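Could you put the whole structure together from the sequences, leaning on the hints where they help?
Read in our numbering, the sequence shown has 71 at position 68, and its numbers run on one by one without any break.
Incorrect hints may have been included.
With a straight-line cut-off of 25 Å between C-alpha atoms, the simulated SDA-like cross-links for lysine to any residue are [claimed, not checked]:
#1 K42 x N128
#2 K42 x V127
#3 K42 x N96
#4 K44 x Q26
#5 K42 x D105
#6 K42 x I88
#7 K42 x W23
Quick list of the computed label-pair ranges, beta carbon to beta carbon [claimed, not checked]:
#8 D40 x A137: 22 to 32 Å
#9 A49 x M133: 35 to 45 Å
#10 G121 x I98: 27 to 37 Å
#11 D115 x E16: 13 to 23 Å
#12 A132 x G101: 43 to 53 Å
#13 Y126 x I98: 33 to 43 Å
#14 T95 x A137: 48 to 58 Å
#15 Y131 x A49: 19 to 29 Å
#16 N130 x L99: 27 to 37 Å
#17 N30 x K84: 20 to 30 Å
#18 I33 x A122: 47 to 57 Å
#19 M133 x N96: 44 to 54 Å
#20 N130 x Q97: 36 to 46 Å
Quick caveat, the hints were computed from the structure, so don't treat them as lab data.
For clarity, every value in this text was computed on a predicted model and none was experimentally measured.
Note that beta-carbon positions come from the ideal geometry of N, C-alpha and C, so glycine has one too.
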Amino acid sequence: MGLFDNGAHILAEQALDATWYKQRVINHNIANVDTPDFKAKTVDFAFILKEEKCKCKYHSALHDTYHSLHSSDDESNDPLKLSVITTYETNTNQILDGNNVDMEKEQLALADAQYQYGALIDYVNNNYAMIRKAISKG
Numbered sequence: 004m005g006l007f008d009n010g011a012h013i014l015a016e017q018a019l020d021a022t023w024y025k026q027r028v029i030n031h032n033i034a035n036v037d038t039p040d041f042k043a044k045t046v047d048f049a050f051i052l053k054e055e056k057c058k059c060k061y062h063s064a065l066h067d068t069y070h071s072l073h074s075s076d077d078e079s080n081d082p083l084k085l086s087v088i089t090t091y092e093t094n095t096n097q098i099l100d101g102n103n104v105d106m107e108k109e110q111l112a113l114a115d116a117q118y119q120y121g122a123l124i125d126y127v128n129n130n131y132a133m134i135r136k137a138i139s140k141g
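Written as structure tokens, this is what we have:
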């Protein structure tokens, strides 16, 4: 197992990629605010637990979740994965030219995505700082 092959680091990298993609989609929506018949897109992402079979005698939803979170040691059997879904926005009103980009909503979503990205960068940087500190002490 490599230094950066743990599940938390891999999920942080995937979340950074997904957040970057979300920012690109939002920026594309904002850039097309005046384009006739343009339909805004939204990006949603979530961590999904993979189904794993438990060979224990305990079988409950809580136990199965706990087991899937703590049962794997390597990247290939990581019980969590990131799921990204891009859809057309349907919750905003169209204007006369058929465009449905809501600038206030897009700006709020962009600020939220930038905050998420910054938090993830801080997390990754803190992990690297801990590793650098451990190496310098050794």
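Status of each hint after checking the structure:
1. A C-alpha spacing of about 37 Å is found between K42 and N128, which places the hinted pair above 25 Å, so the restraint is violated.
2. With a CA separation close to 35 Å, the supplied pair K42 and V127 exceeds the 25 Å bound.
3. Taking the CA atoms of K42 and N96, the gap is about 10 Å. The hint holds against a cut of 25 Å.
4. Proposed proximity of K44 and Q26 is supported: the alpha carbons are some 11 Å apart, at most 25 Å.
5. The suggested pairing of K42 with D105 holds, with an alpha-carbon distance near 10 Å, which does not exceed 25 Å.
6. At roughly 16 Å between alpha-carbon atoms, K42 and I88 fall within 25 Å of each other, so this suggested pair holds.
7. Restraint check for K42 and W23: satisfied, since their Cα atoms lie roughly 20 Å apart, inside the 25 Å limit.
8. Our hint of 22 to 32 Å for D40 and A137 is violated, since their Cβ atoms are close to 56 Å apart.
9. For the pair A49 and M133, the beta carbons lie near 27 Å from each other, so the given range of 35 to 45 Å is not met.
10. The hint said 27 to 37 Å for the Cβ distance between G121 and I98, and at roughly 33 Å that hint holds.
11. Remark: the range hint 13 to 23 Å for D115 to E16 is upheld by a beta-carbon distance near 20 Å.
12. For the hinted restraint 43 to 53 Å between A132 and G101, the CB-CB distance of approximately 50 Å keeps it satisfied.
13. Separated by about 40 Å at the C-beta atoms, Y126 and I98 satisfy the suggested range of 33 to 43 Å.
14. At about 49 Å, the beta-carbon gap between T95 and A137 stays in the expected band of 48 to 58 Å.
15. Between Y131 and A49 the Cβ separation comes to about 26 Å, which falls inside the hinted range of 19 to 29 Å.
16. The given range of 27 to 37 Å is broken by N130 and L99, whose C-beta atoms sit roughly 51 Å from each other.
17. Between N30 and K84 the CB atoms are about 26 Å apart, so this pair conforms to the stated range of 20 to 30 Å.
18. Separated by about 22 Å at the C-beta atoms, I33 and A122 break the suggested range of 47 to 57 Å.
19. With their beta carbons about 49 Å apart, M133 and N96 fall inside the hinted range of 44 to 54 Å.
20. Take N130 and Q97: their Cβ atoms lie about 45 Å apart, and the range 36 to 46 Å holds.
Consistency note: the structure conflicts with the earlier hints numbered 1, 2, 8, 9, 16 and 18.
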